Structure formats: structure tokens, C-alpha cells
Amino acid sequence: MTLPMTTPDTDLDLWLAQQTDKSLLRFLTCGSVDDGKSTLIGRLLYDSQLVLDDQLASLRQESRNRTTGDEGIDFSLLVDGLSAEREQGITIDVAYRFFATDKRKFIVADTPGHEQYTRNMATGASNADLALVLIDARKGVLTQTRRHSFILSLLGVKHVVLVVNKIDLVGYDQAVFDSILAEYRAFASPLGFQTLGTVPVSALRGDNILAASANTPWYTGAALVPYLETIDVSQDRTEAKFRFPVQWVNRPNLDFRGFSGTVASGTVAVGDEVLVAASRKPAAVKRIVCMDGDLQWASAGQAVTLVLDREVDVSRGDVLTRPGETPEYSNQFQARLVWMSEEPAFPGRSYLLKVGSQQVPATITDLKFRTNVNTLEQTAATKIDLNEVATVSIATDKPIAFDAYAENPLTGGFILVDRLTNATLGAGTIDFGLRRAQNLTYQSFDVNRGVRAQMKGQTARIVWFTGLSGSGKSSIANLLEKRLTAEGRHAYILDGDNVRHGLNRDLGFTEAARVENIRRVAEVAKLMADAGLIVLVSFISPFENERRLAREIAGDIDFAEVYVDTPLAVCEARDPKGLYKRARAGEIKNFTGIDSPFEAPSTPELVLHGADEEPAVLADQLHDWLKL
Amino acid sequence: MKTQALRQALDAGHYDAAIGGARRDEEKSRAKERIFSHRNSSHAWDPKNQRPELWRVFNTRLNPGESMRVFPISNWTELDVWTYIYREGIELPSLYFAAKRPVVERSGTLIMVDDDRFRFQPGETAREEMVRFRTLGDYPLTGAIRSDAATLPEIIMEMQASRTSEREGRLIDSDSIGSMEKKKQEGYF
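Chains as they are written, first to last, in this note's numbering: chain P, 1489 to 2116; chain R, 190 to 378.
Since the hints were made in silico from the structure, they are not lab data.
The hints are all genuine.
Taking lysine-lysine pairs in the DSS-like style, the calculated list, with each CA pair at most 30 Å apart, reads:
1. R:237 x P:1593
2. P:1856 x P:2077
3. P:2014 x P:1970
4. P:1871 x R:237
5. P:1627 x R:237
For clarity, every value in this text was computed on a predicted model and none was experimentally measured.
Okay, chain P solo, but in the shape it has when bound:
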């Protein structure tokens, strides 16, 4: 089956060494639709002779009905990989391309210019050292140019090349080039790019791509490829503070316990003292284990397993660091968020936050402002829509270790994940930890919930009713409270309508207000349960996310989600408050069941069928189930 290996080949060894020495530049291309990004990348691939004969043949065939350069090829066809992209002539998703010159290897992320796919641009930018910002010489700086440049700065891309494309279509006019340059510089100066290169090109005709073009004698700078071959983008991560996010505790048998992961930054050597970022527990590195044997030291980018000299509590998600170089450790921080989902972001809603290998539930506690990406102007907001950028405070359920993104992107960049669909909803960069959080600790008192509940001869708990308006929640809760009171127990009903007359009278019925409505009620329910009461919460609470949040706020308090499952038609026929009628008439907006959704609970503790039985029967069913 296999052939013996070849004997070592000296020439090849030499050539291989040269390949390994070649540095790698990761860059992305961005700009507006039709600026010619794909054409430029196609041109780079073609000119570096990476377009192969069989691909060329199929390209010539596909190019017949398109605008082509001297070679008769539409270069954009090289990179637009999806059928829909070729049909519509636009780039939908980020595509990665590879080429090499004698001096350097390149990975190009071709990112979409179309506004609705801006999230993919952020994706490309998160792993790029440099960005080409394309501008159509005929159109100048556009909204998308500004938006993309702002996202580049948000994601910490330090090097930008302004590529003024289609310069052939403005007659190779220097004045056009100069005025675009001036406009862009004025916009980009607050964005903090370390270098800003500029080059006038025609991607279609090849001007100033590989070498200086005779058509632009007024341009004295480097052509694009030579510029990319020589620019220094090195950011030595080995010089940075030591960060080792633990991915996995490797424990094959009783004799071995190691912590596996990739060194995010800095270096580590055998004998070094390290700290667990969360507990500040110290230990010394005993071994650095690799597939090929032990190492004496390891640096940023290497995947290794660290064995420590003593037993310390470390699990997946922990960060190992070094004394005097510890990251921030807090449950609150300020961050900038790029929202990537059709479903807007709301303060108070619970998401899953992932940073490094840590994964924790988190909520946006404060939406400070939205940044208008065209003007950089800051405006107030109650939600964050798709492709918007906002500055927020985020609170995590438990403290996490992190750095400011500007200091370390690998420990300061995070994503937010939907807790139901598991979709990636947004990406954020941490500005700084909010130290307040560390100073604010819970006061613990000697008289606690257990003592208070015992005085009342009961166990404190929360019964959370959910269901459509008119489903029978309040009737059942009312009957249950009566029965509990008759038995000498202490219960209290938190009713949606009543609470909205007082505590929550400042809230309307938008999705954002509904999220906050539930959060407040869950906190009140928790306080009441803490006082030893049996709390009956009767709220429509239409969103699964918020019910989950309520359960989390309850913490270790016994929490039962009771779904009063009554069909919409039945509720609407009952219409005790005449609300359905008014909603149908368009007098009430955002009415659950009519023009606002009700997400039925997927795993309630108990389902009561409101259409099948009288409320009294259901209240008794619930009473029995509660086993008080």
C-alpha cells in the first residue's frame, strides 16, 4: 500500500527552508458594491500566475457576456463562488484566497460590499493584518466606504491601503485621485490606523498592480503588489503578557493531569510560576508536553499541554497567566458591539457570551449609545439592529478573565450566541472592565430565606405562569392563592396588569420594553421569595429567552414554569377585557397572539389546558402538583 520514503534531497530542503521563511500577510478587501473587489483579487491571482489552465478555460467560457479586460476574462468570476453570487453579480459571503510571490505568501479575505452582509466583513477583518479599501474613482467615498473603515478600526486593523480603482474610467486624472484621498483622510484620521497607503489602479487593465503604470506618471508611490510585499505589519505576540486559555483538562489516567490549549500571547518556560486568573492560585510549570515530546518553552500560537507542579483547581475556560501580568477579572465590562442578526439586541435579554474558551450567560445591562457609522455621531438607542454598532455595558453571570481588545484581541474579542437557536448574533470588543462590579459584593445577613420561610411554615418558591392574554392565568393564580391562604400559607400574586400600573408604568409594549418588564418582575419575585413567600407570577411573558432569564435570576429558589395552554381562538372568544377586539381593530399594537409572537415553552414544569377544564379544577391540579 505504501511506498518507502525518499532519501533527503538537499536542493528541496533548501527550497523548503525558503518557503518556511517567507512571511505571511493576511489582508482583506472591502469597499462598496461594484467597486471591483473581486476583480482586483482575480487580477492578483492571475498576475501571480495562480490561475491554472483548466480554470482559465472555464473562465473564458463564463466571461463571454461580461465586461472584460485585455485578456478577455471577467476576473470576478474567479472568486464569486456561490451560484447566487454569480447570478446577481455580487459577493455574498467572505471568500478566502491564497497566492504567493517570491517575497511573501498572502491570504486574502474577499468580503462583501453589499450592506446586508456587513457582518461578514467584520469576520474577515477579525483575522486580518491589513485591509484594502476599494473606491470607485467615479464615485468617491461612499457610505459603505465609511462603514467599512469604521469596522476596520473597531476590529483593530492597523494598516489600510486606499485603492482607488477604475482610474482608467476617469482618464487617469490625478485631480480625481487627490480629492478622493483628501476626503478619505479627513474621515479616517480619528480611526487610528497606523499606516495609510494609497494607490490608483485599474484592476481590470492591470495599472499599478504589479508595477508602476505609464498611464499614471504623476503617481510616484509603489504599485500595489510591491507595497503589499514589503509593508511591515508585525505585531509580536510573543512579547505580550502571557495568556493561556485552557481548552481541555487532559486526564488520561491517575498519573497525568495536564491543561491543553494554544498560547494566546507571551511565552512560557518550564519552571515558570503561573497563576490561575480566576482564583489567583499559583503553581509552577513542571512540563510542557507536545505530540513529539516535551518542550523547554512555548510561545504564542503553539498548541501545548502544561503540567503544573501541584494540584490546583483549573477547568476548561480558565486562563493561566503570570504574576504581575494578570488580566482583568470581573463580571462587568464596557464593550463595542457589532450586531449581526436580523433579531435586534435588547438590554436585559440573556445571551451566551464566548471569549477565549470561556462561555457564560450574559446580558447587555446598559445600551450607552449607537454610533452612526457614516458620521461617527453617537445617538441614544433602546435596541441594536442588524449591522449597527453600539457601545454597551455587559454583565456576565459569573466573573470572567479578559483584556482590553486593544491590548489583546484573542482575550478581548467575544461573540454573543442566541440561547435558543445557537446562532452567532453579534461580536464585541472589550474596552475596559467596570471595576464597580468587583467592589459591589452581596451583603449576607444572618436571617436568611430559609429562616423566614420556616417561620411561615413553608418553603419559599416562585410559580411562573405563562400563556396568552385570556388563557386563564390570573383566574388560576387567584384561586390558588385563596386556597393557600385558607391553608395558612403566605402567598402573593404579581400580576402583569397590576405591576404595569406601578413599578413598570414607564414601560410600553415594544420588544425591548417587554424584556425589561420581565426582568424587573423576576427581580421582585426573587426578593419576595427571599422574604419567604410563595410568589405567583402571572405575566404573559411571551419570549422563551426572558422566561429563561427569570429562572436564572431566581437562582437557587425553587422555580416552576406553568404554561396555561389555551388556544388563541378560545382566548379571543373569551376576550374578558375586550383587548383582542381592539387589537384586531388595530387600536392596540404589539399584542401577543395578534401582531406579536408567543413562544410556547419547550420544557415547562407543568402544562395546564385552559380550554378543557374550569379554572378551579386547574388550580387544584396545580396545588396537588406543587406538593406543598
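Mind docking chain R on chain P? Use the hints.
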């Protein structure tokens, strides 16, 4: 056929993830792949609705029935693979090295006559040629290339001078433009 077998095997094992060696430089729709690529409960890829993938933060969460295809060497090139094989001294199946083999030329592709399962079309006969396989896929749908490269250094040198793409020999790709994308949507790697 490979797609069906793969889907059946994944269903049988209820696997959360299948790790593959696909690379972004191979083919246009693969250039759009994530490193952690989400598949729905019928193993389908939805290229227009992929999860954004930032930094090294991978969203690996799945709902019941869903799965991941994971491509750790997504950013390697074909040349990277061969230089790595050379550096690490990895053994390879002999089909990757040039040898005299019986082949039939069909629509510009050299199909190897492996055993008596091969069905000759009218007028076809096998002839001996120095060939090797640049990629190994379904038999008999993967074509060989004419080559004298019988050792790893020779292969690497040949590749440097190569003017065709790696997947040129795979009939599966050339059904029509966009066929790989379609196959991936159905559950192909």
C-alpha cells in the same frame, strides 16, 4: 454515492462533528467555508446563512440533530500539504506516485482500469501510461494525470510547474458550474 454513505454513517453514529481535510484553495464554494461549518438536521449546508466566524472564537453549539463539519486545515494550500508531508515524513498510498498503470481516456480524463469491475465503452481499450493521482476520490470517477514524478521531491517540483488545478481530475466537480456547492448543500464534504 459518497454523500449518501456519509450521511448514513453520520446518522448511525449520532456524531456532533465530522472532521475533514477540505481546504479553501480547492474550489470556489469551498473558499466560502467556515472552519466550524454548521449543518442542519438533514446535513445540509446553507451557504447564505453561515455563522460569522471571528478571531479564534468558534461557535460550536448545536441543537438536537444538527452537526458540524470541521476543517482544521482550511487555510492550507495544496503546496503546504505536500511540503508538510515531506517535512514530517508521512507515508502515502502508492497511487499518489507515478507508475505504469492501465488507463482509458474518457472526456479528457484518464480513468484507471483497476479490475474487472471496469466497464469499457465501445471502442475503448486500456493502455499503459506513466500516471499518478493528484487527488483520490470515488472510483472510477477520479482521473489520473500523466506524470513521471515517482518520489515526493519530484511531486513537489512538478507541482511548482503545474498549470492545472488539483481537482481537475474529478468528474464530480465538472458536472456543471456550481455543482460542488450543490453537493455540499446535500451533505457532501
